[in-house]
Amino acid sequence: MSKIYYETNGGQDRSSETCNSLPESRQRNSFQRRYCWLRQKPTHGSSRTALALVVLSILAVTITACSSTKNTNNPHHGISGHVDVAYAGSLERVNDTTLGPAFTDKTHIAYQGRGGGSFGLAHEIMASEIQPGVFESVGSGPIKLLEPKFTSFYVQFMASPLVIAYNPHSRYASLFSRVQQGKASLKQLFEAMTSPGFRLGRTNPATDPQGQAFVMMVHLAVAYLHLPSGTARRILGGTGLGAPSQIFSETSLDAHLQAGQLDAASAFLSQAVQYHLPYVALPAAINFGDPAYSSSYAAASLLLPGGKVVHGTPLTVDITAIRENHVPLSSSTKGYSKQAISFISFVLSPRGRAIYKNAGYELLKEQVVGNPASVPSIVEKTVENSKISQ
Amino acid sequence: MSSYLLPQNRSMASPLKVSSAIAIAISVLVWLAMLGPVAALLVHLSPSKIVATLAPPGALDPLFISLEASILALFVLVITGTPLAWLLARQKLPAGRVWETGVLIPLLMPPLVIGLLLIYLVGPATPIGKVLAEIHLTASNTFFALVLAEIYESAPYYILGAEAAFTKVDKRLEENAALLGDRWPRTLRRITLPLAAPGLATSLATAWARAMGAFGAVIIIAYHPYGLPMKTWINLEEIGLNGSLPYALCLIVVALPLPILAYLWSSRAQGRLTL
Amino acid sequence: MTEVQPQAQQLAIKEDHTLTANFVVGRKPHMVSAQLQLRGNSKLALFGPSGAGKTTIIEAIAGLARLESGWVQLDSDILSQASPRSRHVALWQRTIGLLRQPPGLFPHLSVLENITYSSRPSRNGLVTPLSLSKLLELLDLTELASEMPYRLSGGQLQRVAIARVLYSPFKLLLLDEPYTGLDASWRGALTKLVIDEVDRRHVPCIVVTHDLAQAQEVADEIAIIQDGRILQLAPADEIVKKPNSKEVAQLLGYRSFIAATSFGNKDNKNKDMVWAIHPQKVILGEHHKFGVVLQGIVKSVKPAGVEWEVEMEVTQPNSTQATITFMHNHSFDQFAQDLLVQNNLRPGCQLTVTAIDPPLIPNSRPPVSKRM
Numbered sequence: 199m200s201k202i203y204y205e206t207n208g209g210q211d212r213s214s215e216t217c218n219s220l221p222e223s224r225q226r227n228s229f230q231r232r233y234c235w236l237r238q239k240p241t242h243g244s245s246r247t248a249l250a251l252v253v254l255s256i257l258a259v260t261i262t263a264c265s266s267t268k269n270t271n272n273p274h275h276g277i278s279g280h281v282d283v284a285y286a287g288s289l290e291r292v293n294d295t296t297l298g299p300a301f302t303d304k305t306h307i308a309y310q311g312r313g314g315g316s317f318g319l320a321h322e323i324m325a326s327e328i329q330p331g332v333f334e335s336v337g338s339g340p341i342k343l344l345e346p347k348f349t350s351f352y353v354q355f356m357a358s359p360l361v362i363a364y365n366p367h368s369r370y371a372s373l374f375s376r377v378q379q380g381k382a383s384l385k386q387l388f389e390a391m392t393s394p395g396f397r398l399g400r401t402n403p404a405t406d407p408q409g410q411a412f413v414m415m416v417h418l419a420v421a422y423l424h425l426p427s428g429t430a431r432r433i434l435g436g437t438g439l440g441a442p443s444q445i446f447s448e449t450s451l452d453a454h455l456q457a458g459q460l461d462a463a464s465a466f467l468s469q470a471v472q473y474h475l476p477y478v479a480l481p482a483a484i485n486f487g488d489p490a491y492s493s494s495y496a497a498a499s500l501l502l503p504g505g506k507v508v509h510g511t512p513l514t515v516d517i518t519a520i521r522e523n524h525v526p527l528s529s530s531t532k533g534y535s536k537q538a539i540s541f542i543s544f545v546l547s548p549r550g551r552a553i554y555k556n557a558g559y560e561l562l563k564e565q566v567v568g569n570p571a572s573v574p575s576i577v578e579k580t581v582e583n584s585k586i587s588q
Numbered sequence: 004m005s006s007y008l009l010p011q012n013r014s015m016a017s018p019l020k021v022s023s024a025i026a027i028a029i030s031v032l033v034w035l036a037m038l039g040p041v042a043a044l045l046v047h048l049s050p051s052k053i054v055a056t057l058a059p060p061g062a063l064d065p066l067f068i069s070l071e072a073s074i075l076a077l078f079v080l081v082i083t084g085t086p087l088a089w090l091l092a093r094q095k096l097p098a099g100r101v102w103e104t105g106v107l108i109p110l111l112m113p114p115l116v117i118g119l120l121l122i123y124l125v126g127p128a129t130p131i132g133k134v135l136a137e138i139h140l141t142a143s144n145t146f147f148a149l150v151l152a153e154i155y156e157s158a159p160y161y162i163l164g165a166e167a168a169f170t171k172v173d174k175r176l177e178e179n180a181a182l183l184g185d186r187w188p189r190t191l192r193r194i195t196l197p198l199a200a201p202g203l204a205t206s207l208a209t210a211w212a213r214a215m216g217a218f219g220a221v222i223i224i225a226y227h228p229y230g231l232p233m234k235t236w237i238n239l240e241e242i243g244l245n246g247s248l249p250y251a252l253c254l255i256v257v258a259l260p261l262p263i264l265a266y267l268w269s270s271r272a273q274g275r276l277t278l
Numbered sequence: 277m278t279e280v281q282p283q284a285q286q287l288a289i290k291e292d293h294t295l296t297a298n299f300v301v302g303r304k305p306h307m308v309s310a311q312l313q314l315r316g317n318s319k320l321a322l323f324g325p326s327g328a329g330k331t332t333i334i335e336a337i338a339g340l341a342r343l344e345s346g347w348v349q350l351d352s353d354i355l356s357q358a359s360p361r362s363r364h365v366a367l368w369q370r371t372i373g374l375l376r377q378p379p380g381l382f383p384h385l386s387v388l389e390n391i392t393y394s395s396r397p398s399r400n401g402l403v404t405p406l407s408l409s410k411l412l413e414l415l416d417l418t419e420l421a422s423e424m425p426y427r428l429s430g431g432q433l434q435r436v437a438i439a440r441v442l443y444s445p446f447k448l449l450l451l452d453e454p455y456t457g458l459d460a461s462w463r464g465a466l467t468k469l470v471i472d473e474v475d476r477r478h479v480p481c482i483v484v485t486h487d488l489a490q491a492q493e494v495a496d497e498i499a500i501i502q503d504g505r506i507l508q509l510a511p512a513d514e515i516v517k518k519p520n521s522k523e524v525a526q527l528l529g530y531r532s533f534i535a536a537t538s539f540g541n542k543d544n545k546n547k548d549m550v551w552a553i554h555p556q557k558v559i560l561g562e563h564h565k566f567g568v569v570l571q572g573i574v575k576s577v578k579p580a581g582v583e584w585e586v587e588m589e590v591t592q593p594n595s596t597q598a599t600i601t602f603m604h605n606h607s608f609d610q611f612a613q614d615l616l617v618q619n620n621l622r623p624g625c626q627l628t629v630t631a632i633d634p635p636l637i638p639n640s641r642p643p644v645s646k647r648m
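Protein chains in written order, with this note's numbering: chain A, 199 to 588; chain B, 4 to 278; chain C, 277 to 648.
FYI, nobody ran anything at the bench for these hints, they're computed from the structure. All values reported here derive from a predicted model rather than from experimental measurement. The beta carbon of each residue, even a glycine, is placed where N, CA and C say it ideally should be. One should not assume that every hint holds.
With the C-beta cut set under 8 Å, the calculated list includes, among others, these residues of chain B facing chain C [unchecked claim]:
1. Asp173
2. Gly184
3. Gln273
4. Thr277
Whenever a hint applies, use it, and build me the whole structure from the sequences.
Written out as structure tokens, the structure is:
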């Protein structure tokens, strides 16, 4: 049995000290103590219950230990433990099935993911409901909410362009596939989307950046394709945020599309690629996936129910670390946990970037945003290296 | 324990005393654990937060939507579920267990899954969806969808509860009423329903709480219009906890009195109905 | 109570109602079968031990038990028929007054609401019930009219249940253990009320009871029931004198059976016949004109209430060995112990007794003489 102590990382380290990771002698002692207790106090009738409890707890401890040894191989970096990553819901599949395991393979740090709406996660972090080490957000807006208390930098490293995913059994499917193959124009598609029976699904602009971008995309498309004014209103089912009947939760939008209940739905390219949804790609000028068009995107804006106005910004994926209370700001990690920094380094490494590219993300030239003094040096180095490698 | 007890007496008495003390301690712990979330809610709410969230015009719309949808859902449940519960209780249906299992299934399935399956069942492109469209109903992001989701989440609680309530009514009393000249609808009205009323009230109260708090199926097929649970969630996403907790409080304040009254009345009435 | 049924005082046409029933009900542990015919105001008591199937018989007639075979007919209506075509008249249409045991009052309704529950109109030749105030008065329920059932005693509940049955119009009255919970002072009044009502309405009536005296008090005829069969049906005043079998005799209280051939004399027709001896119909001494004289040896004398239970082994010449048990009443012998001695009522003494008019019944089965 290997002697392993987790380096505890404050509240993040969820795996408790298990019996199996104790030195053998201590473990034997604890068994003896239990046994002695049983012998000394043979309680009438309840001894069987007590014995059963002991057996159960030994079993439980063994199982926990066995399952935890998976992640406790001797690390070569001198770093071990655990990283908790909160990410925008659209990253769920690639993070949990590909990137996370690859990261653990390489660094021997356990990975735990949690998906959700980017703003929702930011709010939960602010309320200290969750304490992730790393936060990957769609758009930098949610991260900016966390500055400066929880973080003071982020790295913009890829974009998630919007597409229109469609239902292959819809009566509009042939039009969609012709547009996709370049045999019909995008203009025709947007015109078709104004027909009264067209069932469009999208996410909530009040809470979800994709939902906001989709509304603004429609407005940009109307101008870009020289469609008559009023087209946007007809596609979205109304002014402002549009018709509530088009709005679904992030969780269920794909389900509604796949169940054939929608003709088309808003989606990120990455979702369409990962879930094999047929889709129509949109020009970079309106798909919010290319920072080069930032100024065109900014022409679109949206008034949210609270009275806040959002302006179009590229749907970049930004990554940041969330500071921990007890790690000193003066350290090389600038108050972030080592595991969090190694996760970010992995994401920005060629391996990490390749995984995201395969999943349908547009890689961008990394850009570190924030006070240079507060950016962990390893992150800066990784970004520099990848610039060189490019 | 009194001090005059001899040692052997004490050894006789102590296991009982200890076990009852343990039982009480466990009960208190369970009770506190149940109330824990509510206590946390009250601790984290200040009157100013509540006012700021609930005072603006339209801020209470989700409350009215929840109330209307739940009342409607319960109305449909009472109309359709009561006869089914009665038939189940009187074992009038062939293969009664099969019917009961059918009612249990929505209870066993996570509400989220029910929501997803409802897409396949009543979505606008399904045969049922098309029939609904004929009468200008859509089971997707509409008030109707909200009512439907609430019915699915609360129906098992009502039907199984009502079945138990009917089972408790002595069949002999119904026979006596019939022998005194009552046709079955009259027996139902004069004997069965009044005697089952306490049990029906408690199951209705449970169903009410389920309908008001329905979320899993709702978020899938009825993202709009926002009822209280949806609004609580949306505000968490949009504003954060401060904006969402007042709605949670609102939910408790509005949804709780009815079940409590129903339980109180039911236990009193039950006492009078036992001969 | 001021409420009075307006039609209650009207004269109604008396119509002869007839019940005929011949059926088998499949019931555990044994089938219950009955063949009955009752007409007019005849009153039948079903008498037998508990579990004999008495309740099942009236429930089958009322329509509460499924017939395995046979039918139930009231006047010209076939109420239930098992075959060839299974028929069943709905309970609410049966116009049967049924008192069940336990009576099953409606717990959510007051005494008055329970009594006036019946929604059946008295038409089609049905005699109207007594007026409410009269019924309440007869059953002493006037004070209780507004009470709820859960506040009543067992006897009061029973009276309310009787009132509820009698306040409804019916063509047939079925009463299951109507005297349950009533103290002795009420029995006579209830019997009178039931008999009066049955006569007034001219309907057949069946009363279930496990008490022979009650059966004789209320009924014209008594059906003795055991193990789901009617063993004997006879007029109430005759049945005790003429049991047709040992089983019936035993149910009627006969405890000892002596083979009639024990007496060797007389005729041969008494072959395979036994005298049934009732413990309370035995007197000391030799009185040939009153019945059968028996001689024997006293085996035991035990107190039983105010009487003495004497066990005597019959040792008559030519007799088969038999033991009889009889009750000896103290009132005959004023100085109990002394007179017991004087009358040879001591174990081992020779004794002569006379069994008064013992019925002669067929010895169909081996005698069950030692039934303690």
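Here's how the hints hold up against the structure:
{"no.": "1", "hint": "Asp173", "in the structure": "7 Å, holds"}
{"no.": "2", "hint": "Gly184", "in the structure": "3 Å, holds"}
{"no.": "3", "hint": "Gln273", "in the structure": "10 Å, violated"}
{"no.": "4", "hint": "Thr277", "in the structure": "7 Å, holds"}
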